[in-house]
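Based on the sequences and whatever the hints tell you, model everything.
Those protein sequence lines, which keep their order, are chains A and B.
Heads up: the first sequence runs through residues 475 to 1054, numbered per our numbering.
Heads up: the second sequence runs through residues 475 to 1054, numbered per our numbering.
Hints in this document: simulated from the structure, not taken from any laboratory.
We put the beta carbon where it would ideally sit given N, CA and C, even for glycine.
Heads up, a few of these hints could be off.
[Stated by the list, open to error] Partner residues aside, some chain A positions facing chain B, computed with beta carbon under 10 Å:
{"hint": "1", "residue": "M811"}
{"hint": "2", "residue": "E849"}
{"hint": "3", "residue": "R850"}
{"hint": "4", "residue": "S872"}
{"hint": "5", "residue": "I884"}
{"hint": "6", "residue": "A1032"}
[Unchecked claim] Okay, derived cross-link-like pairs now, SDA-like style, lysine to any residue, Cα gap no bigger than 20 Å in a straight line:
{"hint": "7", "chain 1": "A", "residue 1": "K791", "chain 2": "B", "residue 2": "V788"}
{"hint": "8", "chain 1": "A", "residue 1": "K1044", "chain 2": "B", "residue 2": "G942"}
{"hint": "9", "chain 1": "B", "residue 1": "K791", "chain 2": "A", "residue 2": "P632"}
{"hint": "10", "chain 1": "B", "residue 1": "K642", "chain 2": "A", "residue 2": "T915"}
{"hint": "11", "chain 1": "A", "residue 1": "K791", "chain 2": "B", "residue 2": "A968"}
{"hint": "12", "chain 1": "A", "residue 1": "K642", "chain 2": "B", "residue 2": "V788"}
{"hint": "13", "chain 1": "A", "residue 1": "K791", "chain 2": "B", "residue 2": "E1048"}
{"hint": "14", "chain 1": "B", "residue 1": "K791", "chain 2": "A", "residue 2": "R916"}
{"hint": "15", "chain 1": "B", "residue 1": "K791", "chain 2": "A", "residue 2": "P684"}
{"hint": "16", "chain 1": "B", "residue 1": "K791", "chain 2": "A", "residue 2": "D970"}
{"hint": "17", "chain 1": "B", "residue 1": "K1044", "chain 2": "A", "residue 2": "D563"}
{"hint": "18", "chain 1": "B", "residue 1": "K791", "chain 2": "A", "residue 2": "T915"}
{"hint": "19", "chain 1": "A", "residue 1": "K642", "chain 2": "B", "residue 2": "G799"}
{"hint": "20", "chain 1": "B", "residue 1": "K791", "chain 2": "A", "residue 2": "A968"}
[Claimed, not checked] A few chain A residues facing chain B, derived, Cβ under 7 Å:
{"hint": "21", "residue": "F660"}
{"hint": "22", "residue": "Q789"}
{"hint": "23", "residue": "L813"}
{"hint": "24", "residue": "A890"}
{"hint": "25", "residue": "I898"}
{"hint": "26", "residue": "L975"}
{"hint": "27", "residue": "H1023"}
{"hint": "28", "residue": "A1035"}
{"hint": "29", "residue": "P1038"}
{"hint": "30", "residue": "K1044"}
{"hint": "31", "residue": "T1045"}
Listed below are the residues making up each chain.
There are 2 protein chains.
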Amino acid sequence: MSGYTAPLWDMRFALAEIAETDELAPDLIDAVLDGAAQLAGDVLAPLNHSGDVEGCVLENGVVRTPRGFKEAYAQWVAGGWGAIAGDPDHGGQGLPHVLATAVSEMWASANVSFALCPTLTMSAVELLIAYGSAEQKRVYLPKLVTGEWTGAMNLTEPQAGSDLGALKTRAMPDGDHFRITGQKIFITYGEHDLTPNIVHLVLARLPDAPPGSRGISLFLVPKFLINADGSLGARNDLRCVSIEHKLGIHASPTCVMSYGDAGGAIGWLVGEPNRGLQAMFTMMNRARLDVGLQGAAIAERAYQQARDYARTRVQGKAPGAASEGEPILHHADVRRMLLALRAGAEASRALVYYAAAMGDRARLSPDAGTRARAERRADLLIPVAKAWAAEIGLDAASTNIQVHGGMGFIEETGAAQHLRDARIALIYEGTNGIQANDLVTRKLVRDDGEAARELVDDMRTTTALLAGSRLGPPLAAGIDALERSSAALLDLYARDPACALAGSVPYLRLTGIVTGGWLMARGALAAERRLENGDDERSLLEAKTRTAHFFAEHWLAAAPAHLPAILGGKTVMEFDLGLL
Amino acid sequence: MSGYTAPLWDMRFALAEIAETDELAPDLIDAVLDGAAQLAGDVLAPLNHSGDVEGCVLENGVVRTPRGFKEAYAQWVAGGWGAIAGDPDHGGQGLPHVLATAVSEMWASANVSFALCPTLTMSAVELLIAYGSAEQKRVYLPKLVTGEWTGAMNLTEPQAGSDLGALKTRAMPDGDHFRITGQKIFITYGEHDLTPNIVHLVLARLPDAPPGSRGISLFLVPKFLINADGSLGARNDLRCVSIEHKLGIHASPTCVMSYGDAGGAIGWLVGEPNRGLQAMFTMMNRARLDVGLQGAAIAERAYQQARDYARTRVQGKAPGAASEGEPILHHADVRRMLLALRAGAEASRALVYYAAAMGDRARLSPDAGTRARAERRADLLIPVAKAWAAEIGLDAASTNIQVHGGMGFIEETGAAQHLRDARIALIYEGTNGIQANDLVTRKLVRDDGEAARELVDDMRTTTALLAGSRLGPPLAAGIDALERSSAALLDLYARDPACALAGSVPYLRLTGIVTGGWLMARGALAAERRLENGDDERSLLEAKTRTAHFFAEHWLAAAPAHLPAILGGKTVMEFDLGLL
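What follows is the structure in structure tokens.
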């Protein structure tokens, strides 16, 4: 079993050079990152494998999390980690999202099952801040911001997954509140023993609601009702009827929730009637970025485990090796795998941090034009960061198994768990196919390619600085491919939307690769600048440039080759459906 | 849970048009395939999920396979399936390997854990036919050929995995036999309850053996000794001390075997002293091809399950769809995924059957030149078929999960099992990195690129027939990339072997893609020929061509982009080892 040591050097580098968090005091960054690194490495990481083995247990309606989770969660709350990015008006510390992102990366690297719980709470907080009544905010937000209570998002029903418009849960008016009745599935941390209360946010239909996605409202439904003095009151009419037996993230309970078995769970409308889906969009960007971050986080953990193994496992003799008895790190193909893991972790981290920083800038910049441009950039890149970083995480987990050889297939080694845990990130918060659909229809077509063109322009500013560098030509070719495929997809979508959507996933992948390559090149330029300025971390800075070279050779070089797949929708759509 | 229906049409097509099994009577092929399809679909496939859930249990040294396995195995033996490719001199039916390959594909698609057992027995049979004494053949072969007893291959030890030269198990002479002492790990079906006896083939060192790989001998060590009358005698001094808890293939026991706890297991030398590793090479080609076949088989099973789900799961409304309430098959991205699954299954099947047919030709052709050329081709492509088809199987299993969305992550659906089962094929029988090393050092460098040049020549014969076809240009570009990278790697290896090996896995992948694309193009040409000849299976034949187009757009187009990674070994080898 391999531990976890937060990659603080690269995190700081990405914050400074990729996310450009100039406004944050270095002392503050250090204090936050160091504290989180300690909790992640010492407390959360050691519970990762045992949590996977034990899983969660449902007994008499109560979900028991694995041994140590309750204590770890209490420590996490006591350390103030729930509140770091929270609104200061409600007890939060108001740090920028990008710094919270670096912190969240550590939770997810250490223990992705654990990390999911705060993620859901954060979504509930965002929704209540944006749409909650003054009373709802007063009663629920302070406890949610600190993590003393957790939040749970209740969207999916058996017949309503990617298509939430098909949902059937009902809300009947009953005095000042509503009575909620229905069944929800795939509710992460819908029930657990970490906190005394759970605040459910539930999508449901009012009696007079129009059909489809325009008739969905959002309700706040606490597990325990709150008395006037703030103490916990009666148990609400909702319960966990089963938990799923999943491929991975075993330590996080995925609940089937039943509302209203005894007449209807008491809930309150959040925001306007029939505007529940729109409200959900409020938290969607952050939630999607959190899932991409899980991919980057697992890539980092997989890299660390592969490296630890390759440094100690002795096997065979590499060509040119001084002697037998050297670790497999010396084998050329093992080195290639380790460098692929390193490059994948760094590139996905850079992309997620960058998108998070754009989100901060969109909220915080004093200049309206900068805010608008940053918002377009974040909106464009968030589906890419979600889907592509999730793929990087899955590939990394698989490569880590490969570095371990036969031992990687044995569960006790812990490598297999990362693969099982990583797989879900391609699915939840909107499957990668849904992200690609969003990228093409809402982010590319809706603004007629403006945001994509702005991105290409910014990328070309970087290539202009790469004259004479080996990174220049592959990046320029990748940018050209992105520009051409964006233009061609826009054109194709106007004529035949289905045909364009058949190329949407390869298009998203291309965007991820080129943006990742661009950010790696920016990192290389920054590293060279630091070296010129006499920075004494020579080997780490040179490694940044070399990792960027590897990324260019192994990922970016393949970018132009995506075009036939992106524009090959006709082959897909003309294929005989009866045979498919 | 989804069943399995053998893809008999495409299997027959691949046998006729890709493997060119002209010499086999169609009636015979039909009878064999139809019989196997029935057993695979009706008996083995239904045990796949239950076998995964139950797994194997070790109690008092006895391994209990999951419910139904014993009966299924007995049915398999009674049906004569063990013997179909066996040597007629020892009770086999002597059918060509390529036909046995199609049959084995069905076992592996239906139930890969079950399929492993005959695979190992076949390896033992090959070894005994090639190296066994007359007495060993007489006593053991008839029972192994039919499958009444199984064979197990005992190679790996904790310190000796990819590097078998490091193994320590000892064999002390003791009269006409030897006493074997040592521990072996990762022994597939090393112990089980399917048959009354298990014939272990064990690598061990004689007392005077030279160190390293030149001091390894091969021994036959039966679980039960055989009496003079052929009945089972005393229990030998070997036992299963534990079984592994693995990511997948739960129904196949992976055993830690201990030899000689009570003084030494009785064994007999097979072949010459210190020539055990060379003997192992006898069965290596077939065993490696079997692992590639597992990849193709899981790709087929994943395709079928994804298709079944996409045809029935109703969700959302596709652009241009007539109405709500249509299955997700109508969504463009789901169609893309299904076509990717179909193309992957067909291409990997074509490659494995082709390599198997080359093996048959190398043994059976009346012409010595043809035999030699076919042997070079098989030797070249077997590491590619093993590694690339294994990757295709893993990707397909992952894509099947993606088609299922959230349901794919729930174990009861069965999709997750295919991913868990598929992962091992990249590791055992030599990791994919070992295959790539073999491809570069033994198959490319050793004959100075002759076999690779012959392959390129044959491929160009096909492109000459593709004038005017959309398949021509991407195939030609892929072939050029293969030719250039082969030449460049040869050159690089002469100067810097480690640097060349750092590009070996991307080179193997390129070879797989281009060879797969070539065989798909040959299939398309054959389909068009059949159509011109008035074949009335129009829709199936047109689908062959369209699937080849998809393969060209999604795989083959990326072939030339592999060059920077193949030739980028310097970036890998110059990276600071202390940081990696």
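Violations among the numbered hints: 2, 3, 7, 10, 17, 30
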